[in-house]
Amino acid sequence: MSHESFDTGSPGTYHGRLILLNTLENFKGMDRKALLSDEAEKVSPFVEDGRLMRYFNETKAFAFLLDSSGKCVPLHSLQSVTDPSNVKVVFVDPSPVADCAGWPLRNLVAAVAYLKTSWTWCSFVALKGGSDLKEYKISWKQTEINRVPASVGWERNHQGKMVPQFADLRKQFDPKKLMEQSVGLNLSLIKWRLVPDMNLERYTSLKVGAEFSPY
2 MSHESFDTGS
12 PGTYHGRLIL
22 LNTLENFKGM
32 DRKALLSDEA
42 EKVSPFVEDG
52 RLMRYFNETK
62 AFAFLLDSSG
72 KCVPLHSLQS
82 VTDPSNVKVV
92 FVDPSPVADC
102 AGWPLRNLVA
112 AVAYLKTSWT
122 WCSFVALKGG
132 SDLKEYKISW
142 KQTEINRVPA
152 SVGWERNHQG
162 KMVPQFADLR
172 KQFDPKKLME
182 QSVGLNLSLI
192 KWRLVPDMNL
202 ERYTSLKVGA
212 EFSPY
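In this text, residue positions in the sequence shown follow the numbering used here: the first is 2, and each later residue adds one.
Think of the hints as simulated: they come from the structure by calculation, not from any bench. One thing to keep in mind: the hints can contain errors.
Using C-beta positions, here's what the derived DEER-type ranges look like [stated by the list, open to error]:
#1 Asn23 to Ala99: 29 to 39 Å
#2 Asn187 to Glu42: 16 to 26 Å
#3 Pro165 to Asn200: 39 to 49 Å
Restricting the straight-line Cα-Cα distance to at most 27 Å, the calculated cross-link-like pairs of lysine-lysine (DSSO-like) are [said to hold, decoys possible]:
#4 Lys135 to Lys89
#5 Lys162 to Lys43
#6 Lys162 to Lys34
For glycine and all other residues, C-beta sits at the position ideal for the given N, C-alpha and C.
Please put together the full structure from these sequences, using the hints given.
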């Protein structure tokens, strides 16, 4: 993370919230199911009460509809469309994987299925930056629903379980780890440039003030 992470004018910016719990024990004690449900409730009203279709300024984080001439079509125009063959929903896709869409597509599919109850499929076009376009034709079973489907938010691990992902940042922030990396890099440079025959395994445990020998 750098100062650019806080720029608000960058294209493709996604705003979120960081919850700092300080310890792993506090994280394990948190009700993750309730947290996910609370965050989902902040998004679902935009679909349920129709704000997604009425207010252009409140849908900037979701999607836009464009006609063939490139002009913005009022979002409420989707209500009058009866044939999904005439609709392509375009969205900004943050996924770095070429053949896989990111999480915003889940919200869009849920919104279209909720707002157009007679539809069982729709086309979605992902904008991945530059001129890259990827179209997905997604279908679903027609069901009677009175609210947006239940939310998901945790990725599956290698065992297929929906759990949080852990990242070890000690190599980036732990002063001891940083010093060890610095010492290792310096020794590698010495061997590479000055003493090709130096045995680095002899210096795996260096002491402050220890006499240095190149052999």
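*asked:* When the structure is checked against the list of hints, which entries are broken? Sort them ascending.
replied: 2
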